[in-house]
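Take the sequence shown: its letters are residues 122 to 466, numbered as in this note's numbering.
The reader is advised that the hints may include incorrect statements.
Said to hold, decoys possible - Restraint-style ranges between C-beta atoms, simulated for each label pair:
hint, residue 1, residue 2, range
1, Q431, P251, 36 to 44 Å
2, K317, K408, 45 to 53 Å
3, V382, K320, 26 to 34 Å
4, G288, N150, 46 to 54 Å
5, A367, V404, 20 to 28 Å
6, K371, F192, 36 to 44 Å
7, G288, K320, 44 to 52 Å
8, V220, R325, 40 to 48 Å
As the list claims (entries may be wrong) - Once the Cα atoms are required to be at most 25 Å apart in a straight line, the calculated DMTMM-like pairs of lysine to aspartate or glutamate come out as:
hint, residue 1, residue 2
9, K289, D388
10, K317, D328
11, K191, D170
Since the hints were derived computationally from the structure, they do not count as laboratory data. C-beta atoms are modelled at their ideal positions from N, C-alpha and C, and glycine is treated no differently.
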Amino acid sequence: MMISFPGLSKLKTKPDIQKLERYLPLLENLVHHVNLNRKNGRMIFWISDLNVRWSSVFTPASIFHLQGPKFYQVNNMHFELGMTLFLYGALFCEQALEVVVSDLVQSATLFRKAAGLYNYLAQEVLISLPSNQVRPPEATPSMSSIMSLICLAEAQAVAARKAEKNGKTEGLLAKLHWGIVEFLVEALNMWQVATKECKDISSRLLDFILCCKTLHELVSYKYLAESVKNDGKIGIAVGVLRLALANAKKNVPKEESWTSVYKHVIDELTGLLRKYEHENEFVWGEKVPWNDELPFPEVDRSLGEKLSYQALQAFLYKIAMHIQLYHRKSTTFDGVKEGLDWFDF
122 MMISFPGLSK LKTKPDIQKL ERYLPLLENL VHHVNLNRKN GRMIFWISDL
172 NVRWSSVFTP ASIFHLQGPK FYQVNNMHFE LGMTLFLYGA LFCEQALEVV
222 VSDLVQSATL FRKAAGLYNY LAQEVLISLP SNQVRPPEAT PSMSSIMSLI
272 CLAEAQAVAA RKAEKNGKTE GLLAKLHWGI VEFLVEALNM WQVATKECKD
322 ISSRLLDFIL CCKTLHELVS YKYLAESVKN DGKIGIAVGV LRLALANAKK
372 NVPKEESWTS VYKHVIDELT GLLRKYEHEN EFVWGEKVPW NDELPFPEVD
422 RSLGEKLSYQ ALQAFLYKIA MHIQLYHRKS TTFDGVKEGL DWFDF
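I would like the entire structure built from these sequences, with the hints used as guidance.
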C-alpha cells in the first residue's frame, strides 16, 4: 500500500518542504502570541477579519462547485496552523514515495515522521478549534488520527518490503503484514468518529483503507500458508488459502487502478492454492481443517512506530533562528513585515 495525495505526486517535494520548514516556526510563534493576547480588543478584531480559506482533497466533488473546489473559511490561527501542518505531513508522504525505490529505510522514516506529525496535530493543535464551525476533514482531530495510522501502516509496509528483499522467514513476513492490517482496522474504527465530526468526506478514502486492508490480509495469509507448509502441515496451508480467498470476496475494490493490484494478488494465491491442493491430493492426503480450527496470523507492529513531531519542531526553530540572524545582518525590517520576506512562495 502506498497512499498518494492528488496533485502532489507531480511535484518535486524537497523545495516545498523547505518553504514550509521556514514558514512553520514563524506561524507557530505567531499563534503563540495570538493566544497570549486573545482577550485584547485589537487582536479580537484582527482575528475576526482573517479570511483564512483552504480547500480540501478529501471533500467529494459537487455539481454546485462548477467553478472550482469548495473553500472553507475559519477565522482562527489554529486553522491556518492545522492545515499547514496537514500539508506538511502530506509532503512527507509524497517524499517517502519518491525515495522508496532507492532508499527503503529513508522512505519508512519519512512515513514515521508523517505519523508523528499527524498525531501531534490531532492531540495538540486541532482540539483548539471550535467544534461548532464548519471545517474541512483535514481540520478535524479524527482525520489526523486516521492519517497517522495510515502512515504507520505505510511505514510498516516499507519495512515489510525490506524484510522480503532480505529474505526473512515467511513466519515473520506474515506477522509484519498482519501488523499493517491491525493499523488499518484502527483507522476504520476511527472513520466512524470522523464521519460524525465532518460530513464532507469522500468515500474514496474509506475504499482505499478497505482495499489495502484486504490486500495485506491476503499477503499475510499467503506467507502463513507457506510457513505451515514448510513445517509439513500442507492440509492447514490449503485451509488457510481457502479462507483467505473466501474473505477477499467481501471487499472487492471499486477503483480500476486498485482492481488490477487486487486481481494480481488473488491470481497468485489461487495458483498457490491449486498447487498445494494437487500436492496434498496425490502425495500427502492430509485432512483440511475447518475454518475455526485454522491458525490465525500473529502480529508484529514493531517496525511501524511514529516519530515525535516535537523533536522535528525544535530542529525547525533552530533553522529559523539561523535564517533570522543572517537576514538581520543584511536587511532592515519594517513593523509587522519583519520575517515575512525571508522566503518567496
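task = Just pull the numbers of the violated hints for me, sorted ascending.
result = 1, 8
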